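*Asks:* Each chain is listed here by its residues.
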Amino acid sequence: MNTLGNLRRDTPPMKAEAEAAARARLLAAMREPQPRPRRTMRLGLRLAAAGTLAVALGVGVVVVRDQPRVVTVSSVEELGERAAQAAYANTGMVPISGKWLYIKEVQAPAAGEAGNGVDLSKRENFEQWTSVDGRQIAWRQPNGELLVQGNSPGIGTAELSEQPVTPEGVLAKVRREVEKFRERRVIGMGSEELSLDEELFSAVSQLMSTQALPPEVRAALFRALPTIPGVSIRRDVTDASGRVGIAFSHTGWARYDLILDPVDFQYLGKYGEITSERRVENGAGNPPTVYRPGTPVVLTSRVETKVVDTPGLK
Amino acid sequence: MIIETAELDDAELIRRSVGDPEQFATLFDRYARQIHRYAARRIGEQAADDVVGETFLAAFRRRGSYDLSVPLARPWLYGIATTFVARHRRREERLLRALSRTGVDPLPEAMDHTVVSRVAASDKERELAAALASLSRGDRDVLLLVAWGDLSYEEVSQALGIPLGTVRSRLHRARKKSRVVLGDEEELA
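Chain order of the listed sequences is A and B.
For the first sequence, counting from 1, position 11 maps to 12 in my numbering; every step adds exactly one.
For the second sequence, counting from 1, position 184 maps to 211 in my numbering; every step adds exactly one.
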């Protein structure tokens, strides 16, 4: 071997994280809409409207420079796209098989005696752990004992990351899990009236809020959300910590908001309220539970997440 | 539908990626690591991370102008990577001069929590490093694409978009200059 051939022969291979980051950047670029020709056209129209070329160009530049950090999102599709793009920028948490995600939330507690739903005037902390495979969830019982249960929709990083990762593909996988769950469900508990779309939205929200998903999968789920019938955009939604965000929203029996940070589109929390009156039978001898429109049923905010080795650790 | 991409040549993948961008990811999977190795050997791991990212983004954006009659995209990608490596030219030369001066190669960089065992460079290596540092950018690119990128002369010509004759003359000059310090018996590439 010659000197040149030997020089720095032992250069270490590319690190897996660096490779994943570079690949994610490439995938983000692939997913970028091709806005340039359209923008030029729109600018062209603006130019025509503004009168002279030079003045209008000046105006265009000023508008771009003055753009606030909080960008205006005009449609739920655009929200999906922007959130997806932002997902690639966040490579902070890498899901590792066998690990658990510790999640600390602030929640409005159950209303108790005051009625069904939650009490918006109160807050409590809630801690849970979810397995990276998506199949298990754990939390502490009042006596301090850790309860580990099966999780819904029971799907995790491994299945969702199978190539190729597309919005249609990940949504189909979640839909299959939801359909399986619906088939097994006990009839007579009220929830069988929920539509498949409603449950699909709820399942995707659940994944977004309780799983450490890789950027590619998060991006695909964000792009998939607007394709679920009934999903819309909702602005200025406040989470349990008072943070105001922008939300994917679905209205069925109840309206649920998946609240995201309006700047970086990170998950903030959830809000849900009953939109139409429902009676849920509680079995012979017990009065039915009546849910009245406007009753809040969930309000949360996620305040901390961490990857840990086993449930119970933080 | 899952499209089987394993047997497709690079040109076909690039052709398909014009309408179906995600096909391009297969090129990344095929070449990212070897391009990283080539870049890391010249400018260090961390700078190479950036070079790989930039190379594939640039390649993706320029894919419409790829010559589809060339089945292998490897020279094209090495060419793009080489232009990004050139942005780190001063760093590359500084590292080579440090090796030449101290006899200790600053590469690979010591990353967090890792210990890099460093063997003192031989006199020949120190002289070679000095020679590489003194080459013009164009000459060094040709020499290292051949020696470290394993590109043929024809491929270097494609990669850098220069005539084959220029590849030969640059290589001749680079070898001659290096041979002066290494002695005539040393085969460089």
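Incorrect hints may appear among the rest.
[As the list claims (entries may be wrong)] For lysine to aspartate or glutamate, the following DMTMM-like pairs were computed, each having C-alpha atoms within a straight-line distance of at most 20 Å: (1) K16(A) with D77(B); (2) K16(A) with E154(B); (3) K315(A) with D120(A).
[Stated by the list, open to error] Partial list, derived from the structure: chain A residues whose beta carbon lies under 8 Å from chain B: (4) L5; (5) L8; (6) P13; (7) M15; (8) A23; (9) L28; (10) A30; (11) D120; (12) S162; (13) T311.
[Stated by the list, open to error] One-sided and incomplete, this derived list gives chain A residues near chain B with beta-carbon spacing under 7 Å: (14) T4; (15) M31; (16) R141; (17) G145; (18) L148; (19) R177.
Source of the hints: derived by calculation from the structure; they are not laboratory data.
These numbers come from a predicted model, not from an experiment.
Beta carbons: idealized from backbone N, C-alpha and C, even for Gly.
*Asks:* Of the numbered hints stated earlier in the document, which are not met by this structure?
*Replies:* 2, 3, 11, 12, 13, 16, 17, 18, 19
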